[in-house]
Amino acid sequence: AAGVIQSPRHLIKEKRETATLKCYPIPRHDTVYWYQQGPGQDPQFLISFYEKMQSDKGSIPDRFSAQQFSDYHSELNMSSLELGDSALYFCASTLAVTDTQYFGPGTRLTVL
Amino acid sequence: QKEVEQDPGPLSVPEGAIVSLNCTYSNSAFQYFMWYRQYSRKGPELLMYTYSSGNKEDGRFTAQVDKSSKYISLFIRDSQPSDSATYLCAMRGGSYIPTFGRGTSLIVHP
Numbered sequence: 001a002a003g004v005i006q007s008p009r010h011l012i013k014e015k016r017e018t019a020t021l022k023c024y025p026i027p028r029h030d031t032v033y034w035y036q037q038g039p040g041q042d043p044q045f046l047i048s049f050y051e052k053m054q055s056d057k058g059s060i061p062d063r064f065s066a067q068q069f070s071d072y073h074s075e076l077n078m079s080s081l082e083l084g085d086s087a088l089y090f091c092a093s094t095l096a097v098t099d100t101q102y103f104g105p106g107t108r109l110t111v112l
Numbered sequence: 113q114k115e116v117e118q119d120p121g122p123l124s125v126p127e128g129a130i131v132s133l134n135c136t137y138s139n140s141a142f143q144y145f146m147w148y149r150q151y152s153r154k155g156p157e158l159l160m161y162t163y164s165s166g167n168k169e170d171g172r173f174t175a176q177v178d179k180s181s182k183y184i185s186l187f188i189r190d191s192q193p194s195d196s197a198t199y200l201c202a203m204r205g206g207s208y209i210p211t212f213g214r215g216t217s218l219i220v221h222p
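First to last, the sequence lines map onto chains A and B. Heads up, the first sequence is in the numbering used here, so the first residue is 1 and it goes up one at a time. Heads up, the second sequence is in the numbering used here, so the first residue is 113 and it goes up one at a time.
This is chain B alone, in the form it adopts within the complex (with noise of 0.2 Å):
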């Protein structure tokens, strides 16, 4: 069982829908949560970058971390066919190296 998990989706939302991506996890020592968009063909980009549980907002994203449960999310409000990419949950613990889950392929069509 890998440490990160995350469904491949893909998620296909109509233009507008409010998103909801989440990841699990096993490794109790992991503290810090990211999330990353990637695009087709290009490098992952940090969209939210978290320490220890509660919520963080940004715009139309939401980032909860939830320890207790072992569970974080990423919501993005008011989809845009922009957002549609690729999006990696990461997390680490006094590493600075990441775990990444595999990534949620998102479409939001007009």
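Extracted from the complex, chain A is given alone in its bound form (with noise of 0.2 Å):
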């Protein structure tokens, strides 16, 4: 079965470039989750989109912003990076009726 697809997978960025972070939700899956998980922690929610419009939003710092595009993938853009960026980042998709949520494999981003 077709699971989240996110890349890149490994990033490594100097302090205060920016990134762009890439999901693909599962195919008919019209909402997405973004979430951080630094190490040995929870993941912390982002940000959410249902339909291509932002429905939830969590700890999502100012630098960061993320959008959602008609064919439902979304992107996580992060300007001014800063050494605490350092995380894995996660994408989740699910059917807005139902709520589990499935993973990707994440994005490590690694800041320098």
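Among the hints, a few may not be true.
Said to hold, decoys possible - To spell it out: a stretch of chain A is covered by chain B in this simulated footprint if at least three of its residues, at any positions, have a beta carbon under 8 Å from a beta carbon of chain B; those stretches are: (1) 36-43; (2) 80-87.
What the hints assert, rightly or not - Facing chain B, according to a computed beta carbon distance under 10 Å, are these residues of chain A, among others: (3) Ala2; (4) Gly3; (5) Val4; (6) Gln6; (7) Ser7; (8) Pro8; (9) Arg9; (10) Tyr24; (11) Gln54; (12) Asp56; (13) Pro61; (14) Ser65; (15) Phe90; (16) Cys91; (17) Gln101; (18) Phe103.
Calculated from the structure, these hints are not laboratory results. All of these numbers come straight from a predicted model, not from anything done at the bench. Virtual Cβ for every residue (Gly too), placed ideally from N, Cα, C.
Fit chain to chain and form the complex, with the hints in mind.
Here you go:
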């Protein structure tokens, strides 16, 4: 069965650079969630989209922005990167009528 | 204090043992309870999903919820080395955004 796809899987950036993370949900899923997971930490919810509209907002810094496109894929844009942004970034998708979140493999971002 | 507390472990058990993983929480609005398994460098995978109090069994896994004590458990019977992973509890109320525990690292040694 098709799963959530995230790209890139690994990304290395320097401080103050920008990064773009991509998420391709499971086919027919219309809701996407973004999470940040630091080492040994629980996933922290950042933001979610339903039918291309922002549906919920969590602890997403103002330096970050995200959107969902007409094909339901989503991109997380991160600017002015800081060392503390180094983490695993997960995307999860659902059908809006259910709440079983299916997670992607994550993007490991390292900021040097 | 975090809304969801989970002992990070590691919890090391021999193959075949019964494993008990637990979380406590403080938000009485939580009604939906989930357990995720996360292998190293992979995304969390949903194992169990329960609503309100009670037990739910799926193969070797049993999830228990005690809302009166704000305590949930995941039991793994006949544990296998392939069960070695981090187990995250998660829970939510009316919002679809779950609150996660920090995860317990489980090591099942042959």
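Legend entry - Violated hints - listed by number, lowest first: Numbers 2, 3, 7, 8, 10, 11, 13, 14 - these are the hints that the structure violates, sorted from lowest upward.
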